[in-house]
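Sequence lines, in order, name chains W and R. Taking the working numbering, the leading residue of the first sequence gets 23, the next gets one more, and so forth. Taking the working numbering, the leading residue of the second sequence gets 23, the next gets one more, and so forth.
By construction, these hints were calculated from the structure, which means they are not laboratory data. From the three backbone atoms N, C-alpha and C, an ideal C-beta is built for every residue, glycine too. Treat the hints loosely; a few may be bogus.
Below, simulated DSSO-like cross-link-like pairs (lysine-lysine); rule was C-alpha separation at most 27 Å, straight line [as the list claims (entries may be wrong)]:
#1 R:K201 <-> W:K199
#2 R:K236 <-> R:K199
#3 R:K282 <-> W:K238
#4 R:K282 <-> W:K236
#5 W:K282 <-> R:K238
Away from chain W, derived, C-beta distances all over 10 Å, residues of chain R [to be verified]:
#6 D90
#7 T99
#8 P132
#9 Y158
#10 H167
#11 R171
#12 Q174
#13 S234
#14 T260
#15 E263
#16 I277
#17 E281
#18 H312
There are 2 protein chains.
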Amino acid sequence: MKRGKWNSRIVWAFVWGTITVCGTQNSWSQTAISSIYNVPMAEYPKVDEQRRALFRLYAPEAYDVKADICGKKYPMTKDNNGMWTVTTDPLVVGFHYYFFIVDGVQVTDPASDCFYGCGRMASGIEVPESPEEAAYYTFNKSIAHGQVRECQYYSEVEGQVRRCFVYTPAEYETSPKSKYPVLYLQHGMGEDERGWHEQGHMANILDGQIASGKCKPMIVVMDYGDCGYIHGTKKGETRDEFGASFGNILLRDIIPFVEKTFRVKTDRDHRAMAGLSWGGHQTFQITLTHLDQFAHIGAFSGAILMAPGQNITDVYGGVFSDADKFNKQVHTLFLGQGTEEGMGCDRMSQSLKEAGINHVYYASPGTHHEWLTWRRCLNEFLPLLFKQ
Amino acid sequence: MKRGKWNSRIVWAFVWGTITVCGTQNSWSQTAISSIYNVPMAEYPKVDEQRRALFRLYAPEAYDVKADICGKKYPMTKDNNGMWTVTTDPLVVGFHYYFFIVDGVQVTDPASDCFYGCGRMASGIEVPESPEEAAYYTFNKSIAHGQVRECQYYSEVEGQVRRCFVYTPAEYETSPKSKYPVLYLQHGMGEDERGWHEQGHMANILDGQIASGKCKPMIVVMDYGDCGYIHGTKKGETRDEFGASFGNILLRDIIPFVEKTFRVKTDRDHRAMAGLSWGGHQTFQITLTHLDQFAHIGAFSGAILMAPGQNITDVYGGVFSDADKFNKQVHTLFLGQGTEEGMGCDRMSQSLKEAGINHVYYASPGTHHEWLTWRRCLNEFLPLLFKQ
């Protein structure tokens, strides 16, 4: 949600349903809608009724401009006024990072807001679902709303100030004596602590589920997982070391800060951790080696890293080798991914099943390794938490 | 503050004090420091001990690259590997938006975080002051910290959801029965509701003043002033109409939302408004026509718009024509600007003085129409508020 355009645009978008029936190829320019992430007064980029993005860049002196989205580079065409344009293929629904490539340089679109992804600030566009499909992550004016609080705290581990975002539910304001369970929720590689509320619309998801009683009122903490750059760029770092410093920061700085600052329950039964992609890997790495501190675990498109020939019962100190013990200790174990991304969570689920490990596996229909998968995963994960 | 680099970098920067004495022109590459706004693992841009920015962009296929900062375009030089570099002239201290111009296209630096300014997302660089000078807007680990809360609310005026940021002081958490005065604080033209806490470091300024007792604990509300694009781009809009819709939104949506959601004092003696640049103009426009609702007013580098030949006693329905009445009604009237920008606040102050209007005028030494001027203005303004 940027400057409040989310709600009305989503609804407006689906006037399409009617228009498309009698429309022709030539009519898209009338019915395509501006992306919800455009800066004020920017008409383009747009998305048309076939879910194609329409990009535009004024670059009279450039000799080669492409649009770079969903893993494909689309050559753009220059008109006599120096305006480059292109219409993409139909795109998968959901949020996509994108760039322009101007004479070989990958740049952001001046007409788009920016989002931290791909190890840098990127442009973003939302190819909308139907209002019904999008309802769970869309602002609902009829319910009470929580807040996403930006907090600064001093990290003893790093010896410097850090930032985290903390979602508090609406009732946190009005029930000054209540204490709440906490979900620590992590972004993926090349992203940062802004991802879940800016790209993920997590506040709308939580607000909706809490209002309807689908999930328990809870606090959600989003911090920087030290994996906000593309793998391998930190000097001398191995794959195992990538983002490994975050465990220490979480356990020694973040959790103590949260428990000192907010009214939260501090036992393991009321502490969850989840993450997407590399954040899912970090979640497994941290929680499965600290089961005395976490009872709820989620990995969205995130992998258990297993060496070739390694068995599921070998990893994380053999935590999956005693299924009875594990199933008693861990109240929630959730794996999810998009059907189009192939991150291996389905095979992992199969291995866990064979090992007798209770868990929930969710496959998001038709989505890739992108934020719509993770919004859906969060939506499936939340109702499982803090039931005891 | 991004990912916690602010504090340590500022201190590190001033190792320079010693190094420069025995340094030479050739030694800058050893002593220049990475900008605090760089994305993780990005070494450049840097700032050297002469307050020059060192920019770098990999663009092997581009034929012309410039760095665009502080109103000047610096041609960059390409080496054999396709890396373009330039060192700027010495720059004014403080925060500067900047861009690269690649074959005629203004783009952001992939190595920098982005900030909404200039009607689009822009790169940002901080040319640091000394730790002593910067202390008031730098994170202080020894004091209690407030929070900046992102809130979504439904605007009846606009018929859609909007976003605002609300700073709550540290004691808001621990004194659940206390009520607080409110400052409504506005960004400038081409910026948005993110400006004051991202570019302005307002939370650090408030935290420090509240901890030392210099200002009263208060709530600060930052919303989008409908002037986040460059003047004239809204179809058919006149200068008078630019951002004019915000007054209605503030009075009918934002203030009611804040007073319903937060524990705040709701009388005019405990309600202030201030803004920078066009936000200062909006502040005058709104408060001086609603003095029944505001008793504290601040304009930082912002102008009263006066037609040629118009007198100060003619504007805003003649509100300045009865000095005694005005001085009794308005507890704080503050004007400030940088000595290098010439926004006319000094002349306005002179006119107000001649009309017998009590006010404070502050000139920020050596700063331009940029965020360091506005951090300083806020720092001077806050102690004046809510004294009765």
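Going through the hints against the structure:
| no. | hint | verdict |
| --- | --- | --- |
| 1 | R:K201 <-> W:K199 | holds, 18 Å |
| 2 | R:K236 <-> R:K199 | holds, 22 Å |
| 3 | R:K282 <-> W:K238 | holds, 24 Å |
| 4 | R:K282 <-> W:K236 | holds, 26 Å |
| 5 | W:K282 <-> R:K238 | holds, 24 Å |
| 6 | D90 | holds, 13 Å |
| 7 | T99 | holds, 16 Å |
| 8 | P132 | violated, 5 Å |
| 9 | Y158 | holds, 15 Å |
| 10 | H167 | violated, 6 Å |
| 11 | R171 | violated, 4 Å |
| 12 | Q174 | violated, 6 Å |
| 13 | S234 | holds, 17 Å |
| 14 | T260 | holds, 15 Å |
| 15 | E263 | holds, 14 Å |
| 16 | I277 | holds, 17 Å |
| 17 | E281 | holds, 13 Å |
| 18 | H312 | holds, 23 Å |
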